[in-house]
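On the provided structure of chain A, position chain B with the ligands as indicated by the hints.
For the protein sequence lines, the chains are A and B, in the order given. When you line the first sequence up against the numbering used here, it's residues 1 to 260, in that order. When you line the second sequence up against the numbering used here, it's residues 1 to 319, in that order.
Hints are computed from structural coordinates only; laboratory data are not their basis. The reader is advised that the hints may include incorrect statements.
What the hints assert, rightly or not - Derived list of chain B stretches under chain A, where covered just means 3 residues or more per stretch with a C-beta under 8 angstroms from a C-beta of chain A: (1) 132-144; (2) 290-299.
Stated by the list, open to error - Straight-line C-alpha distance at most 20 angstroms; calculated SDA-like pairs for lysine to any residue: (3) B:11 to A:162; (4) B:318 to A:252; (5) B:184 to A:163; (6) B:226 to A:259; (7) A:258 to B:255; (8) A:233 to B:276; (9) B:316 to A:257; (10) B:316 to A:243; (11) B:180 to A:163; (12) B:142 to A:23; (13) B:285 to A:23; (14) A:258 to B:169; (15) A:233 to B:278; (16) B:142 to A:227; (17) A:230 to B:120; (18) B:16 to B:41; (19) A:237 to B:180; (20) A:248 to B:155; (21) A:237 to B:11; (22) B:318 to A:237; (23) B:11 to A:257; (24) A:258 to B:278; (25) B:285 to A:258.
Stated by the list, open to error - Simulated DEER-style distance windows between Cβ atoms: (26) B:239 to A:12: 25 to 35 angstroms; (27) A:149 to B:185: 14 to 24 angstroms; (28) B:191 to A:258: 42 to 52 angstroms.
Since we're looking at a predicted model, the values are computed, not measured. Even for Gly, the Cβ is constructed at its ideal location relative to N, Cα and C.
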Amino acid sequence: MKILTTVKKVVDVELTMHVEDGAIVEDGLQYVINAWDESAVEASVQLKENNGAETTLVSIGGGDNTDMIRRCYAMGIENGIHIDDPALAKADASIFAKVLQKVYEKGDYDLVITGKQAQDTDSGQTGIILAEYLGVPCVSNVIAIEVMDDQHIKVSRVGDAGTEIVELELPAVVTVDVSINEPRLPQMRGIMMAKKKAIDVMDLAALGTSDDEVEGATPKSEIVEFMVSKTRKAGQKFEGDAAEITAKVVDLLANEAKVL
Amino acid sequence: MAKILVIADIKQGVLKSSTAELLSKAKTIGAETAVVAVGSNIESLTSDLANAGSDTQYIADDPSLELFSAGPYASCVVDAAKQFGANLIWFGFSESGKAVAPRVATQLDAACATEITDVELSGDQIEVIRPAIANKVMQRVKVNTDQLVAVVRAGAFEATEGITGTENVVKLSAPAPDLKAVIKELISDAIGEIDLVDADVVISVGRGVKDQAGVDLVKELANDLKAGFGSSRAMVDGGFMAHNKQVGQTGKIVAPSLYMAIGISGAIQHLAGMTGSKVILAVNKDTEAPIFNVADYGIVGDLFEVVPILREEIKKIKS
Ligand SMILES: Cc1cc2nc3c(=O)[nH]c(=O)nc-3n(C[C@H](O)[C@H](O)[C@H](O)COP(=O)(O)OP(=O)(O)OC[C@H]3O[C@@H](n4cnc5c(N)ncnc54)[C@H](O)[C@@H]3O)c2cc1C
Ligand SMILES: Nc1ncnc2c1ncn2[C@@H]1O[C@H](COP(=O)(O)O)[C@@H](O)[C@H]1O
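With the rest of the complex left out, here is chain B:
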């Protein structure tokens, strides 16, 4: 029976939905499951971790682990993987996961695959499916080792009702800090900000919103809907949006129920980050904009005119 270790995705003290999604998938394919959680002051998450579908919880809880550092983080995961005897080690989609997975794989002498959307097990043979080349193609990748470390793409697996776990905590000792890569500062997101990758609705702005006033206009709509607020690269490069709000090939991959692209042309690199969304709405004044090729609903018009109406109409329908 496969043994799957899932890395808990914790942000600002809260367990993110990817953890339950990955554990659900693991249980659905009949695997034995464990989770590893790394951080500071995370003891209180134990029951959440079990409820998400894990039967063993490896917990590395230490003040030295408060800020992300890839080296110590990888040591914790390797420690848990060895104790559990995991043959599959899954990270949810996150920047920390992308930084840590190749390290863990190398230390375990295992294969590593990022951005996977599916996994197929037959006997000891592991194969994964993943998009590549800015989503233009899919690859089937055969794993030649008996262990695989993978980063799972956002939205690939779904949390299923009725998945349960049991509380069985194994404490991990804190690893030595990485003295050669010392994190000095974290310029962090606002507390309580809705995370793009988790949000049920994501609204992104592009160059079409022009300036801060345009960003603020769309932000109001995002606030109304409690939506994650993202952007194209053009708005990040322009200094209007933070780097970790970028959606696309080199930014966040999102798969919400509803994605709104406001003033975004739909470059291939942007599409690579959002075409997994369930429903896409695009607002663009150019009827030929490529974003309309992937949008379920398209409004051709001036966003400065459309967005206020959109807000009003949505308010009406919600009340």
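Chain A on its own, in the form it takes in the complex:
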């Protein structure tokens, strides 16, 4: 089985973010592997270990992605592709999916594993759109993957009415939630080996496509402005005798907030 895993470099959400003149202030930001993609990497490596698979990752954009890709190598991914092209500066999910389609078509993959969402967009679209372009089945929000045979996998998905168990014919795309696994920490030996491994860096031309073909200049949607989000203020906090303060708070919920 050949598995393609998508990995995006994203801003660290734990850090404070400032917005000025409609843009996020770059100063003080740090970039990390998208948490959902780290789970996708772990899921791929587990499939390799348990069922035998060849694992490749692809990352689009993000400038210098060497550290992130090496970390994925150290976790057990075998091949890395980095697509970097200034034409993709305004890319939205459907453009990223078009680029991923080109990567997929060059590699004859059986399974694509993407993160459920990128933590910088919180959008959750790219993998699903990719599957539409490829015309292959797709299940999103997956929390377990089991290989049935060469042509089929069985996945669990968190749905509205409970957990859905779905059998998928390969090739297929799945998008995984972070709760699918606990990503491993790379070990020293893996880290040392990862340093020697090459990364296949390409622009769109090297990938065999062009700005026009992926519609890079005309995204279906674009962010025109960032704004500060509404923040809540800390309210009243009570310490002391549990019986007293709890009775007080219940009174406030009923008579001040009027929500009881």
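Just chain B with the ligands, lined up with the frame of chain A:
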């Protein structure tokens, strides 16, 4: 005039409140409205669908549509969108909506935006507002196509009094099943369980409740209040709560009148799912817990002591 198609949110045979909220918003901005309902045995919902504020009801009712499957579901929505000539297609916040919206958008060659909190129309130009980066920022997104498929965040729009619709049913033919993604089983929620996203009060437990006994203790309070019962990720990972009870960035987004966080620290990813609540109460023994930064009312104390008192005091006030 804008034509807005709303996807009916149906769970266990009941129409959820998001449908009326989205239709209300659509009517308020002067749009022509339609709704599309997909499922099995849903004929009886027709008048509910009209009353929620739709003037046309596209209904795909077929035994093959009983269990959710994204492919056939998307086909029904695309079919309705084309027949209606919709330029805006709105899903309420749901896992099925998040799975289907990008498919519908791709098939229509339209833009797709998830988690939107507002929409602005001027002439043919569509813009949406949405939070991103775990709610740390808001984005204004310009749509460059004349059609937009969107998933609306829970609590973004309100149902308004006096919105009406008319019954005008258009039956959709059942789409072919997806033979390449076959749903084998649904390990479903208990029948009649209160849905987190719909509930007026939501009570969530975190690692502070420690174990099953702690979960059960808080569950009693939730039962008393007929509240939705949710949790932080820590309790889902610990195996104490079902996955679809998780509130947060990668779980459910809720916006109830009252949210109680019991033994939850208030990690940014949890806050991303509940800071839209009207009123927040936090119970935590750590006075420095970040949850207190967003709570309107905070009780610093041991939840095992506080929760039983909370139950008693609420009972008193309710009687
Ligand atoms: C990509 C990603 C996505 C995530 N998505 C989500 C998500 O959707 N939802 C989510 O919830 N988390 C999510 N998380 C996890 C999140 O970062 C936190 O780890 C998690 O929310 C912590 O859960 P908790 O507050 O229950 O546990 P803890 O952080 O361990 O907090 C437990 C709290 O209980 C208090 N406590 C302990 N004992 C008592 C007592 N006897 N009485 C009163 N208080 C007590 C403690 O003071 C503490 O504040 C995500 C993380 C990542 C990386
Ligand atoms: N630029 C990118 N490079 C690689 N993978 C991406 C990129 N953008 C999105 N993805 C993948 O698609 C998933 C969903 O992204 P999004 O649709 O932005 O929420 C991510 O978790 C990644 O796995």
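Residue 180 of chain B and residue 163 of chain A: Cα distance at most 20 angstroms?
-> holds (19 angstroms)
At a Cβ distance under 8 angstroms, does chain A reach at least three residues of the region 290-299 of chain B?
-> Coverage by chain A holds for the region 290-299 of chain B (8 residues, Cβ < 8 angstroms).
Is residue 233 of chain A close enough to residue 278 of chain B, meaning Cα to Cα at most 20 angstroms?
-> holds (12 angstroms)
Does residue 233 of chain A pair with residue 276 of chain B here, judged by a C-alpha cut-off of 20 angstroms?
-> Distance of about 13 angstroms is within 20 angstroms: holds.
Whether the CB-CB distance between residue 239 of chain B and residue 12 of chain A falls inside 25 to 35 angstroms = holds (29 angstroms)
20 angstroms Cα cutoff - pair residue 258 of chain A, residue 278 of chain B = Distance ~11 angstroms between residue 258 of chain A and residue 278 of chain B Cα, so the pair holds.
With a cut-off of 8 angstroms between beta carbons, are at least three residues of the region 132-144 of chain B near chain A?
-> The restraint on the region 132-144 of chain B holds, since 13 of its residues have a Cβ under 8 angstroms from chain A and three suffice.
Holds or violated: residue 285 of chain B to residue 23 of chain A, with C-alpha atoms at most 20 angstroms apart | violated (38 angstroms)
If you draw a straight line from the CA of residue 142 of chain B to the CA of residue 227 of chain A, is it 20 angstroms or shorter?
-> holds (14 angstroms)
Compare the distance between the alpha carbons of residue 285 of chain B and residue 258 of chain A with 20 angstroms, and conclude whether the hinted pair is satisfied.
-> violated (25 angstroms)
With a cut-off of 20 angstroms on the C-alpha distance, tell me whether residue 142 of chain B and residue 23 of chain A pass.
-> holds (15 angstroms)
20 angstroms limit on alpha-carbon distance, applied to hinted pair residue 184 of chain B and residue 163 of chain A = Holds: residue 184 of chain B and residue 163 of chain A sit about 11 angstroms apart, inside 20 angstroms.
Hints 13, 14, 19, 20, 21, 22, 23, 25, 28 from the earlier list are contradicted by this structure; the remaining hints agree with it.
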